[in-house]
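Turn these sequences into a full structure, and let the hints steer you where they fit.
There are 2 protein chains.
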Amino acid sequence: MDIIEKLNWRYATKQFDPTKKLSDDQVNKLIEATNLSPSSFGLQPFSILLIENEEIRKKLKEAAWNQPQLTDASHVVLFAAHTDLSNKDVEDFLKLISETRNIPLESLSEYDAMMKGFIAGMSESDKINWISKQTYIALGQLLVTCAVEGIDACPMEGFDKGQFDEILGLKDKNLTSVVMATIGYRSENDKYQHLAKVRKPIDQILVRI
Amino acid sequence: MDIIEKLNWRYATKQFDPTKKLSDDQVNKLIEATNLSPSSFGLQPFSILLIENEEIRKKLKEAAWNQPQLTDASHVVLFAAHTDLSNKDVEDFLKLISETRNIPLESLSEYDAMMKGFIAGMSESDKINWISKQTYIALGQLLVTCAVEGIDACPMEGFDKGQFDEILGLKDKNLTSVVMATIGYRSENDKYQHLAKVRKPIDQILVRI
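In the order they appear, the protein sequences are chains A and B.
In this text, residue positions in the first sequence follow this note's numbering: the first is 1, and each later residue adds one.
In this text, residue positions in the second sequence follow this note's numbering: the first is 1, and each later residue adds one.
It should be emphasised that the hints constitute simulated quantities derived from the structure, not laboratory data.
Hints may be right or wrong, so weigh each one.
Given that identical chains are not distinguished, each listed pair holds provided it fits within a single copy or across any two copies.
[Claimed, not checked] Subject to a maximum C-alpha distance of 20 angstroms in a straight line, what follows is the list of computed DMTMM-like cross-link-like pairs (lysine to aspartate or glutamate):
{"#": "1", "residue 1": "Lys6", "residue 2": "Glu149"}
{"#": "2", "residue 1": "Lys200", "residue 2": "Asp92"}
{"#": "3", "residue 1": "Lys127", "residue 2": "Glu157"}
{"#": "4", "residue 1": "Lys161", "residue 2": "Asp126"}
{"#": "5", "residue 1": "Lys197", "residue 2": "Glu91"}
{"#": "6", "residue 1": "Lys197", "residue 2": "Glu32"}
{"#": "7", "residue 1": "Lys88", "residue 2": "Asp203"}
{"#": "8", "residue 1": "Lys127", "residue 2": "Asp89"}
{"#": "9", "residue 1": "Lys197", "residue 2": "Glu124"}
{"#": "10", "residue 1": "Lys58", "residue 2": "Glu157"}
{"#": "11", "residue 1": "Lys95", "residue 2": "Asp203"}
{"#": "12", "residue 1": "Lys21", "residue 2": "Glu52"}
{"#": "13", "residue 1": "Lys197", "residue 2": "Asp92"}
Below, the structure written as structure tokens:
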């Protein structure tokens, strides 16, 4: 497996084959890989929405410029930020560390203070921005994992977040939508798969110091 | 190669072995993989700074809470957003598409208008936020590629961006630092490599709809 070959194989799939579904094993593996993404402090202050429901996907499509991926892909994976991030999240996280690593909670008091201080220093919009960035790492990890597994994906930012939140009832769950990927299998008819990948030459994007 | 195994192997390396350097081939592969990351519209409105200079790395370390990765890792990879994103970037990008795919520029006029409209609708801080998010996808892609290649890495947000910009003279280059990864090989003495990975159970992070 050459990673460069895999990354060149992937492309932002515009047309999925609606007859091809990912297996439970495949989806579970992708979600597990995504959950292994690093996040700032390790806090993981977001949820991953795995959307299969057809009726809901039709509505989401309308709130996403009618892009066909929303209904034709096998699954929609939507990242949503926690809008109620607070000290309780830090405390729950510290309990998880303590249990996972079998170490006393007290030994984490410095980490506790650092995280709480960091969160207290952010405005509400700073928090959503910061959390959003963490979901983009996870999105990157999901996309590479898809490529490695030979699964097609399309990262998508172009949708009405307010409408998505309403359709999915996210406000009541203290969530707000950030970014998504549709995943599945490319249609044979998707002309984009045959186009050369467009990337800046390395010497234009790289600065050596 | 099982991707889950690779992702479990990786961890945010706190202590690198300063005697072990990545080869040019390894670094080139990582940069190529990072450059293959998708970005919104495909615009890639950021630079990748590959920093080896020891004197500069000492200064960066001081601006990053003295975290030893800055000087002990083989290389520092810093993502920096373009602060002067404008219609010219869109035009350069369209030229690149036209040349890469051998299609007339005129056929891209709709795409041209869409991108320019999108950029015009953003404030300066919106732009930096949006570009920053794109660099986090690339960071995610870099981290997974490192894991696949058996290379250690530490994603790092905790540094003084203003000081980094000053040390690296980024303002004059119309760049501003966003996020970085230090890459190389873990030290045998890094105790963090032996700690169990802490992640939320899937049923806590996943919402099925």
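Taking the hints in turn, this is what the structure says about them:
| no. | hint | result |
| --- | --- | --- |
| 1 | Lys6 with Glu149 | both (9 angstroms within a copy, 13 angstroms between copies) |
| 2 | Lys200 with Asp92 | between (43 angstroms within a copy, 10 angstroms between copies) |
| 3 | Lys127 with Glu157 | both (19 angstroms within a copy, 14 angstroms between copies) |
| 4 | Lys161 with Asp126 | both (17 angstroms within a copy, 16 angstroms between copies) |
| 5 | Lys197 with Glu91 | between (45 angstroms within a copy, 17 angstroms between copies) |
| 6 | Lys197 with Glu32 | between (28 angstroms within a copy, 13 angstroms between copies) |
| 7 | Lys88 with Asp203 | between (46 angstroms within a copy, 19 angstroms between copies) |
| 8 | Lys127 with Asp89 | within (13 angstroms within a copy, 29 angstroms between copies) |
| 9 | Lys197 with Glu124 | neither (38 angstroms within a copy, 29 angstroms between copies) |
| 10 | Lys58 with Glu157 | within (17 angstroms within a copy, 38 angstroms between copies) |
| 11 | Lys95 with Asp203 | between (46 angstroms within a copy, 17 angstroms between copies) |
| 12 | Lys21 with Glu52 | within (10 angstroms within a copy, 46 angstroms between copies) |
| 13 | Lys197 with Asp92 | between (43 angstroms within a copy, 16 angstroms between copies) |
When held up to the earlier numbered hints, the structure conflicts with hint 9 and nothing else.
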